Amino acid sequence: MTMFGTNQLLVDKHVEFIQNLDKKQDGLEYWMTEHLRVSGIYWGLVALFLLDRPQALDHEQIIAYVRGCQNADGGFGGHTNHDSHLLYTMSSVQILSMLNALDQIDGKKVTKYVLSLQQTNKQTNGQTTVCGDVWGEHDTRFAFIAMAVLSFFNTQDQLDTNGIVEYIRGAMNYDGGFGSKPGGESHAAQVYTCVAALAVAGRLDVVDRDRLSGWLAERQLLCGGMNGRPQKLEDVCYAWWVGSALDILRRRHWISAEKLVEFVVSAQDENGGIADRPGDVADVYHTCFGIAGLSLVRYPGLNEVDPVYCMPRSVVKRLGLHKWQDKVPKSWSQ
Amino acid sequence: MRIEGSEQVEEAVSLAQQAEWQDITPIEQEEGEGSMCPIAYTDEYRELMGYLRAVMAVGEVSERALALTARVIEENPGHYTVWVYRKRLVEELESDIAEELDWVCDISCKFPKNYQLWHHRESLVTRLWAPSNALLVSEDQRITNPVLRRELQFLDAAIDEDSKNFHAWSYRQWLVSTYALWTQELAFVDTMINQDVRNNSAWNQRYFAILANRNPSVVRLEADVAKSEIEYVVEHIKLAPNNDSPWSYVTGLLLRHAPSMLYTDLLPRIKQLAADNAYQAAMTLTPFYWSALLDIYEQQSADHPDLKKQLIDESSAICDQLASETDIIHCRYWNFRKTSLDTC
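Listed in order, the protein sequences are those of chains A and B.
First residue of the first sequence? That's 1 in the working numbering, and the numbers climb one at a time after it.
First residue of the second sequence? That's 1 in the working numbering, and the numbers climb one at a time after it.
Calculated from the structure, these hints are not laboratory results.
As the structure is a computational prediction, the values presented were derived from the model and not from experiment.
Quick reminder that beta carbons are idealized off the backbone N, C-alpha and C, glycines included.
Some hints could be false.
[Stated by the list, open to error] Counterexamples of contact, computed for chain A against chain B with all Cβ distances above 12 Å:
hint : residue
1    : V11
2    : V15
3    : A101
4    : Q119
5    : D133
6    : Q158
7    : P278
8    : G320
9    : P329
[Claimed, not checked] With a cut-off of at most 35 Å between alpha-carbon atoms, the simulated DSBU-like pairs for lysine-lysine come out as follows:
hint : chain 1 : residue 1 : chain 2 : residue 2
10   : B       : K113      : A       : K232
11   : A       : K327      : B       : K308
12   : B       : K113      : A       : K13
13   : A       : K232      : B       : K271
14   : B       : K338      : A       : K327
15   : B       : K338      : A       : K323
16   : A       : K108      : B       : K271
17   : B       : K238      : A       : K232
18   : B       : K338      : A       : K330
19   : B       : K227      : A       : K232
20   : A       : K112      : B       : K113
Only chain B is shown next, with the shape it has when bound in the complex (with noise of 0.2 Å):
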């Protein structure tokens, strides 16, 4: 068992004055003759570093080693080895996992851009409760148990201190799967969409949300959801009329599990949107909306050949458009695009 008020006693002191660690010979770092790699340490990380590879040369699984990664962690987070070894012994040691949980939520607050703590963390919590165990009571009751509920407040703090964490995301993923909180997740999504409609991230997980862990390649969208998700995407369009990620979202998810609804649902709403006055300017100016309609005319020719001559004219017209004004910077682009009708 830790002993939190030694450790503060312990910093004070170099480990080579400590009675505890007097058994142990540090293996300095070999920096040999012509090294082109001669690496300065301030003293203080140097001496920790060469206890631990010590302890690690002779596979050490002690309280004394496990605090030592928890400093040499506190000054150097990257380093990846170290987690390894600070996992088996917390394993071996049979410590007390929700305080290792809270360790690592400090460590997270020191680095919060650090990635190896999530994976370690995925350890922890599988180890703690079983996602076995876990399935076997309803989703309630599982977003309730402390576990689960820590992680996801864990996670809410990391997101919110940066709202597009890759690895949060990804962390947060794994455990909306592993541990089956699907219902809970739209809503979850839905309050980050608020929160910043142009979070590409919170977009990303949407259709995570909505998939379920279903295979992509088989899922047809029921034609209420699609149609749910469609007016959900022009509400948020609103919002933000250039902003990539509901555009994309609502093509891709379409594309993939209902795409004659590209052109009898999205097409017929967002030409309203481009009509409504308080939206026109806006509509007008992004290159998202001109996108989509390419998307969509494209689908639509492929469905409709009686109809591919008319759409190839007006998509031809967007693509110019999308090069000369709308969107310069991708004119090469565009200008491919425009070429390609033909060959649709």
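Next comes chain A alone, as it looks inside the complex (with noise of 0.2 Å):
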């Protein structure tokens, strides 16, 4: 018995619900989530890549639907012929890696897109802000995908990093947490983009590490699961958003591992997938998150997942990325 007890999770059930999930072309759900197609791949891809069973979804045809993504503004879109966005630039990029095959797209060209988006010349107390696609939504998410995909080309050095940094410094807030955006609400999600913005730029000083770090532990219930902010309901994929921010400041053991191993696995479907809580429907999202949330805390048979690239510490590694590891704070060693 391991130290998580009898606590099950249902491998051969979550690969069957990720290779099926695009067999249910009648349902509703499928063609008005069609604009982040692209995305739930990666979901998927991650959750399978972790679970150690990275064959289970054809390489082949993912890299053909992916590149067929990409635009020509260098940006790729959700699904084929959709507009150019950061999130599925960014889901595109960490899928290609996973599948060894980033070589096949032109790194010069996605740089061009990503440093299109970024606002240099609109700044405000040195900031700067990146956009998510031409329609000009900013947010601090943007921020780390901006310099986490140009990580994957190695040419992160064009960016405006000083400025970027002081935007994410500004959505700061007094409780130790970050924002959407200067003054936005203290939000996991947004904890975990701008810690891993700060940890790929070396920038880690940054954090105010006891009080944020208090603040991510305080995010695990009474039930085990955590949720995004005060006073809301717990949710799977919290497991992930506050466990890789405490994993990167390296106050992963602040929370219980045991209670949350509990909670996810008591969110899973008996046939297949994990749900943002017990007794609801499953989702690609969630499971690839559920499941990534897991593998932070060592659950056994789970592959390791990097907490800044959200993939497999073994594929981080083989691009070079895991150098963020050596720009963590000295004196932040466990």
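Two chains, two frames, a set of hints: combine them into the complex.
In structure tokens form, the structure reads like this:
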């Protein structure tokens, strides 16, 4: 019996669930989520890699599909013939790197696309924002994605890193957390993106490590699950958003791994997939982040996930991207 | 100009049957041989998307294209590309912005969780009343102006529907910040906090309202403002002592902008509350009271090293209590806090 007792992760069922995703074509949800199909594939693929079943989907087919999502501007859309957006550019790059096909796309074109979304001429307080697409919405998520995507191609020096770091610093709140933009309420998913961005930039010194770690630890509720902000409901995906940030901060041990595992495992659908909480309908997003969350607390049998890139550590190492770890403040050793 | 009535008639008849659309060949979604993601549509949506792809491919700017985007958004408001196209159409057709804002309201009613609509609204409002013009008049004149009054009403409805709607609060911050509506904001925040003292979004907004766009790293809070905030927080702690937000707000606010007041002013007030018969039990049971004491003692011993030993002893006991009784789920965190006390 492992330290997690009889908490069983239904590995085979989840693999089947992911494989069957593109077969549910008569479901309303299927075509309603067409615009984020690429992210759906990324979520399914990461889950499979962490479950150590990477061959469960057809790699060549996925590579061809993802390449088909790249547009003339160098960015990727959520599906074939969809306009480019940073979110889907990130998912595409993550997928191709996991499948060892990153060299099949032109990194210069992707870099150019990402740089076009950086707003260097509209600075206030020395802050540089990054938009998600030509529509102009800006958010700390996009700041992270810009840095992360360019790191895949080793072109992140072309970004105004200092300006972006100032923007992220501006989004840090009185509770130590981070919001979607300066002033915005602290939210665990935004905390992850800001902390991960600072990790890539080698600027984790910006973080109020103790206060933020405390805020993150407090996301764990009595049931073992985590919420995204005070007084909100627990949700399986926060096992990732909270866990990854704590991992980067070298404070993973501040939460109860046993209770978290209990919660995530209880949110499984016996027919496959994981839901946001016990009793709800499973979906690929929660399946991905539930499994990633379990990987972070070293649930047995899962491959280790990198807390910055949300991909297997082995892939991140192969790409040379694990070097963010060398830039974590030395005083932070556990 | 859109003619409402004809749109309703059009819905019943497929586009392929309509004279207006005869010149367009819809572009079917590519689902090649062995496509990994063949997608099934309802027939109606499939047709709408086919025509939309066709007009987008040629960059058509027309009323019929605008009506088409409305229909697609009404089926699938998460489709971000359509919003971008619609924004462009609204601009180039010089559509009535007020009507467009009304239409966005309808979408919001149907899809309260949709977030694209907020950004669309932002671009419409700035076109309707440029901030540079708005800032030439007084704040009173700004809030009574129909443009901003409508936005505030829209926000009221959205926040009423979901008081923690992340995007609504974010939009509100953009509106208040861009149009400098600071004076009314604190009153609004107060209303929201009184409606639900546990609403963390409202407490976050309080900080936003107090800071009023000043750079946090250079703001020192005036003593009377800090005292008044402490009183406000204590009154709201009384309503629900075991509530994260006010504790987090006041310790965060003072730590950043008036650190010594943590122990000169906040400490005596909360100790007084904890000694009050009416609140003693609740205060003892809530981890947030004890956690606040830890934060306060940490600051106090940093400022007054002569008190350090005594404060560390007290803090150590608090950590033990939290880890073993008051907040067991977070025991690992409290055990760490205890070990780090000496290094403060």
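Against the structure, the hints:
| no. | hint | verdict |
| --- | --- | --- |
| 1 | V11 | holds (23 Å) |
| 2 | V15 | holds (17 Å) |
| 3 | A101 | holds (14 Å) |
| 4 | Q119 | holds (15 Å) |
| 5 | D133 | violated (7 Å) |
| 6 | Q158 | holds (25 Å) |
| 7 | P278 | holds (18 Å) |
| 8 | G320 | holds (29 Å) |
| 9 | P329 | holds (15 Å) |
| 10 | K113/B with K232/A | holds (16 Å) |
| 11 | K327/A with K308/B | holds (33 Å) |
| 12 | K113/B with K13/A | holds (31 Å) |
| 13 | K232/A with K271/B | holds (29 Å) |
| 14 | K338/B with K327/A | holds (27 Å) |
| 15 | K338/B with K323/A | holds (32 Å) |
| 16 | K108/A with K271/B | violated (61 Å) |
| 17 | K238/B with K232/A | holds (21 Å) |
| 18 | K338/B with K330/A | holds (22 Å) |
| 19 | K227/B with K232/A | holds (30 Å) |
| 20 | K112/A with K113/B | holds (33 Å) |
The structure fails hints 5 and 16 (numbered hints given earlier, in ascending order).
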